[in-house]
Structure formats: C-alpha cells, structure tokens
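S.K.: Spelled out from the first residue to the last, the chains are:
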Amino acid sequence: MTMREEIEAAAARYPDRRSAIMPALMIAQKEHGHLPGPVLEEVAQILGVERVWVYELATFYTLFHTEPIGRFHLQLCDNVSCMLCGSEALLTHLETTLGIRKGETTPDGAFTLSTVECLGACEMAPVMQVGDDYHGNLDAARLDALLESFR
Amino acid sequence: MFEPVLLRNVDVPDGHLLSTYEAGGGYRALRKALGEYTPDEIVELVKESNLRGRGGAGFPTGMKWSFVPKAAGKPKYLCCNADEGEPGTFKDRIIMERDPHQLIEGLAVSAYAIGAETAYVYIRGEYVTAIRRMEQAIAEAHENGYLGIGILGSGFNFMVHIHRGAGAYICGEETAMLESLEGKRAQPRLKPPFPAVAGLYASPTVINNVETLACVPHIVMRGSAWFRGIGPDRSPGPKLYCLSGQVRKPGLYELPMGISLRELVEEHAGGPLPGRKVKAVIPGGVSAPVIPEGELEVGMDFDSLTAAGSMLGSAGVVVIDDSTCMVKLATRIIEFFHHESCGKCTPCREGLDWTVKVLRRIEAGEGETGDLEQLEMLCKGIFGNTFCALGDGAAMGLRAALKHFRAEFVAHIEERRCPFH
Ligand SMILES: NC(=O)C1=CN([C@@H]2O[C@H](COP(=O)(O)OP(=O)(O)OC[C@H]3O[C@@H](n4cnc5c(N)ncnc54)[C@H](O)[C@@H]3O)[C@@H](O)[C@H]2O)C=CC1
Ligand SMILES: Cc1cc2nc3c(=O)[nH]c(=O)nc-3n(C[C@H](O)[C@H](O)[C@H](O)COP(=O)(O)O)c2cc1C
Ligand code: SF4
Ligand code: FES
Numbered sequence: 001m002t003m004r005e006e007i008e009a010a011a012a013r014y015p016d017r018r019s020a021i022m023p024a025l026m027i028a029q030k031e032h033g034h035l036p037g038p039v040l041e042e043v044a045q046i047l048g049v050e051r052v053w054v055y056e057l058a059t060f061y062t063l064f065h066t067e068p069i070g071r072f073h074l075q076l077c078d079n080v081s082c083m084l085c086g087s088e089a090l091l092t093h094l095e096t097t098l099g100i101r102k103g104e105t106t107p108d109g110a111f112t113l114s115t116v117e118c119l120g121a122c123e124m125a126p127v128m129q130v131g132d133d134y135h136g137n138l139d140a141a142r143l144d145a146l147l148e149s150f151r
Numbered sequence: 001m002f003e004p005v006l007l008r009n010v011d012v013p014d015g016h017l018l019s020t021y022e023a024g025g026g027y028r029a030l031r032k033a034l035g036e037y038t039p040d041e042i043v044e045l046v047k048e049s050n051l052r053g054r055g056g057a058g059f060p061t062g063m064k065w066s067f068v069p070k071a072a073g074k075p076k077y078l079c080c081n082a083d084e085g086e087p088g089t090f091k092d093r094i095i096m097e098r099d100p101h102q103l104i105e106g107l108a109v110s111a112y113a114i115g116a117e118t119a120y121v122y123i124r125g126e127y128v129t130a131i132r133r134m135e136q137a138i139a140e141a142h143e144n145g146y147l148g149i150g151i152l153g154s155g156f157n158f159m160v161h162i163h164r165g166a167g168a169y170i171c172g173e174e175t176a177m178l179e180s181l182e183g184k185r186a187q188p189r190l191k192p193p194f195p196a197v198a199g200l201y202a203s204p205t206v207i208n209n210v211e212t213l214a215c216v217p218h219i220v221m222r223g224s225a226w227f228r229g230i231g232p233d234r235s236p237g238p239k240l241y242c243l244s245g246q247v248r249k250p251g252l253y254e255l256p257m258g259i260s261l262r263e264l265v266e267e268h269a270g271g272p273l274p275g276r277k278v279k280a281v282i283p284g285g286v287s288a289p290v291i292p293e294g295e296l297e298v299g300m301d302f303d304s305l306t307a308a309g310s311m312l313g314s315a316g317v318v319v320i321d322d323s324t325c326m327v328k329l330a331t332r333i334i335e336f337f338h339h340e341s342c343g344k345c346t347p348c349r350e351g352l353d354w355t356v357k358v359l360r361r362i363e364a365g366e367g368e369t370g371d372l373e374q375l376e377m378l379c380k381g382i383f384g385n386t387f388c389a390l391g392d393g394a395a396m397g398l399r400a401a402l403k404h405f406r407a408e409f410v411a412h413i414e415e416r417r418c419p420f421h
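Quick note, the sequences are listed as chains P and F, same order.
The first sequence begins at 1 in our numbering and counts up one residue at a time.
The second sequence begins at 1 in our numbering and counts up one residue at a time.
Pulled out of the complex, with its shape left as it was, chain P reads as follows (with noise of 0.2 Å):
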C-alpha cells in the first residue's frame, strides 16, 4: 500500500477524520524516519484538516519525531522501578560507550540515546526500547552485546 492508502485505510476506522491524525503521523513517520514541516503539510493534505491540527499533534506526543534520529533509538527506561534496578549506571555506561550524551546522536548517525518513562515492563527491569523491541534485566555485559549486535 502507498502512504495515501493506508493513511485512508486509518481514517475509514473513524466517523471523522480528525480521529486519523494520529495514525497517519505515525505511518507518515514509519515511511520518512521522522516528520519534517513537507511531511505534515502531505498529512494534513492528505486527511483534509486543518494544517495547524496535524503540526499540534506532531509536537504533543513524544513518539512522533519532527528532527531527524539515529538509526537505533536506545530509549532507556529510567522510572522508579528500572532506577531501584540500577537503570542509572546502565545510562553511564551507555554515555561512555558511545561518547554522547542523552538526547544527542553519535556523529554516524547510527545511535540515538534517550532516557523514558516506564515502559510497562517493570517485571524485567532495568529495560530499553530499540527500535520496536524491548530488551530487559539489563545489565553492562548485556548492553555491550546488544549495541554489538546493531554494528
């Protein structure tokens, strides 16, 4: 499917495509990596709203990007249950390893490093979002062979 026909795919699940905003941004992200100013104007255009309905949304909610991130987005939890597991030493870790510090990109473009709220995975804290995938009961060694795997 183009990004037109999931995009009205989305908005048939509504009785008003308002409603579809959300998972439009989120195909339109899957499609482009992030969502830049042309990307929301193809939303909105697309959907036939507002312009202004698509930009709030884009910058409401934390999953949807309007800068451009690496291609592995390490988002670690750091919330309560993941920090009583030792979730800030594994940022440490993290930050000398790829020598950037959280919210920034290595300069290949190949890691961003992100501190988030709980994931809903506190049973295997610490945990980290990469990508789609959750990694739990972390620990330095796995980190290593995580970020291993991904080079």
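For the record, the hints were derived by calculation from the structure and aren't laboratory data.
Heads up, some of the hints might be wrong.
Stated by the list, open to error - Per label pair, the in silico range of CB-to-CB distance:
hint	chain 1	residue 1	chain 2	residue 2	range
1	F	Arg132	P	Pro38	26 to 34 Å
2	P	Thr66	F	Ala225	49 to 57 Å
3	P	Asp133	F	Ser260	36 to 44 Å
4	F	Trp354	P	Lys102	18 to 26 Å
5	F	Gly145	P	Glu104	51 to 59 Å
Note that the structure is predicted; figures quoted are calculated from it, not measured.
In this text, a Cβ means the ideal position worked out from N, Cα and C, and glycines have one as well.
Using the hints, position chain F with the ligands against chain P.
M.R.: What follows is chain F with the ligands alone, placed relative to chain P:
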C-alpha cells in the same frame, strides 16, 4: 490454592492464537451472553458481581454501564483503556500479548450489554508486540464470526479498532483519551458530563480498563456469586498484581483481592533481595502513596488501601529496600508527574515545577531550612485544586513520603549531603 482465571492462558504455548483460546473454552461466554441473556441482564449480572474498575479508581462497572442512556439515536461507544502508563504497571500488556482473545471476548460481551457496535482499544504506542497480537486476534475473531455483522448468528453487530497512542501518560485519563481519539491534544475534559452520557464524539461512551473487561466473560460463565465470593464482598474478584523493584521474584501475580500486602511481597514475590530489608512499598503505581514496612498488613483492595491512606490504583506494587534514598525516590516520582503534566491547569503545571526544584536542591545537599514547609505548602496548593487526578496523585504521594520518611529529608538538609552516598 487459588486457581488463576485471568492468567490461565498466559503461559500456554501459542496462548495468543484463536485455536488455543477456543480449546480452553474461549468464546463460550460470548455465545452464552448472546443466546441466554438480554443486554440488561448482563448489566445486572455485572452489578451483582460487584466488579469494580481495575484502571485504578474502582468505580462499580455495572453501575457505570447502567448510566448509558437507553434511547436509540446516537451511536454508543466502548473504549478500552490500554494506555497503561502508570509506572510500576504491566498487567494489561501481558494480557494483550499473551491472551488477546480474552480481552476481545470481554469487549464483545460488554459492548452487547451497553448496546455499542464499535469499540476502540487505545493502546500505548510503545506496546508494539501487544498491538500486533491484538490486530492478529481481531482479524482471526472476524474470520470466525466472533466479530463483524450478526456475530454468532445473532442480530448483534460489533467492530473493534485499535488506536495507537503516541507517548503521553495523560492519555490514560479517560477524557484526555477521548480528546486523543478525536484527534486532539490529550487534555482532560470537565466532568460531568461523564463519558457514559457524553463521551466520544459527544455520544454515550463507556471506558473500561483491559483487566476490567477481561473479568466480564468469567462472570458470565461462572456467575456473579462466584466472583463476589473471592476476597472482600465490597471489593471482590481475582486481581492482577504487578510486582517490581527491589524484590526477588518480580512478575505478574493473580491472587484474590484483599490479600495482605505483606503476604504478596514476602511470600509470593519472595521478599527482599539477599542481605537487604524491605523499607517501604508503593502498592498501586507511583500515584499511590508509599506504605512503610511496619504497615504492610494492609489488605490489597480498594477500601482497605484507601482507609490506610493510600490506594489500590493500578496494583503496580513497587518494593523499595533499605539501600534506597527516599528523597531521591520522591524526586524521581515528582519529576515524572512534572514531565507528564499536560499543562492545562496552573496548580499542576506551576506547582510541580516548583516542587521539582525544591526536591532537587534537597537531594543535592543544597536544601534550606523551610524547604519541607515549602513542599507541604506546594502539596496543599495542588491537592484538590487540579483539573484531573494527575495533580492529586503527585501531591498525595509526596505528602506520604514526607510524613513517613521525614527524617531522611531532614538529614539531607542538615548534613548538606545525601546520607546514602
Ligand atoms: N492504570 C494506570 O496506568 C493508571 C491509573 N490511574 C488511576 O486512575 C484513578 C483516577 O481515575 P479517574 O478516571 O480520574 O477517576 P474517577 O473516579 O473520576 O472515575 C472513575 C470511573 O468512574 C466513572 N464515573 C465516576 N463517577 C461517575 C458518575 N457519577 N457517572 C458516571 N460515571 C462515573 C468515570 O467516568 C470513570 O470511568 C486513580 O485512582 C489512579 O489509581 C492513574 C494513573 C495511571
Ligand atoms: C492521570 C491519569 C492516568 C490514568 N491512566 C490510566 C491508564 O493508563 N489505564 C487505565 O485503565 N486507567 C487510567 N486512568 C483511570 C481512567 O481515567 C479511568 O478511571 C479508567 O480507565 C476507567 O476504567 P475502569 O472503570 O475499568 O477502571 C488514569 C487516570 C488518571 C487521572
Ligand atoms: S492536573 Fe495536570 S495533567 Fe491534569 S489537567 Fe491539570 S495540568 Fe493537566
Ligand atoms: S519503570 Fe522501567 S519499565 Fe517500568
């Protein structure tokens, strides 16, 4: 031995497939509901069961359903709250990943009861596996006549759609969820009107948590007396408890409502890590006030925890041991609420901003005399003055930390450092 009901399928291989679900007796409740009960009789049955909302507030489910106006006209909607953002909570994820048909059957029976032909399941965006499993299960249910036009040969039509969230805790607040479903920024609406009267697209809408809906088919199969017979009569049923933090056996446990917090932590979850002692437990996600070790006899049900000054909330049980600094913990929790405040009302937006500043300086050993009084004043300014329960949860939690662990706060200020470092 308590026999698990909600989790009976989660460790079965391929538990997420329709064939496995059917082999275990799945969709018999839907058949029974459509064949033997009128919608009103299902509402009555759920009322009699005393099922209370597992999303955290514990509102009686049957009563909520009975507020939906009977009159035809506007369509009615069922929304499933699968946003699960409360730190310490992971039960809904596990149900959707490993036993999605249980939820779909719950949705179908509940929709039949309230007269809704459409349901939206609002799943937090991070839960990619859960979303895939739910999509697959919905497709399978469709192909086999459990969803769609005239399901199981009845006159009842029912469709389920997934709406993927995009990372905002506030979307779990039901009216913010409705805004989000309508394609707007997720900011809570004024209640009343309650969604049961005017919700999605201003139509009557019932919003229920994943676990609440998952209970419904079992009530149909086993009866309301069975359900009420488990745990306290006013707050009964099987219950999912999410154990995490500094505990030997973290994981999801299904046990009766009302079990003591101590038994849950020490017996089922194996107690503290070797060489450590439990210092405190958060019983219901970080919105729930912390309970010090000495008070762990409390029963894990809505009424007992409220009476003990805390709440059952999402039953996200976070165990904290004696190596942990409570100032640091409290700071992290308030940072979370500050980050997730939607900004709509001033006490929450500004109040939490100040609260974070004061807590951070105390934690850093730069606290000043009067800081604790300042924190109490901030809590007072927030509690009861905010638009939704996010602000209240933040203030209640901090008050409990200040009350039970005041000495740790004082030590930070007097010694000008963290005694745990
Ligand atoms: N599961 C999770 O991840 C999280 C759960 N929570 C929980 O959320 C709770 C607060 O939720 P709220 O929705 O603000 O509580 P609430 O008490 O306002 O509402 C609870 C439910 O009852 C319904 N209701 C209440 N009075 C009604 C009436 N007169 N008529 C019709 N319907 C009525 C509401 O529509 C809602 O569905 C907290 O106790 C907390 O435990 C908070 C954060 C996250
Ligand atoms: C800030 C905030 C976040 C919430 N998050 C959730 C959530 O993630 N999941 C949930 O089921 N209920 C959540 N709730 C409670 C819902 O507003 C609502 O009470 C619940 O979905 C009703 O379903 P129930 O009656 O089945 O519990 C939240 C409430 C607040 C105030
Ligand atoms: S209490 Fe906080 S989250 Fe709730 S409406 Fe007000 S600002 Fe938004
Ligand atoms: S606190 Fe990290 S997954 Fe819940």
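S.K.: For which of the previously enumerated hints does the structure constitute a violation, in increasing order of number?
M.R.: none
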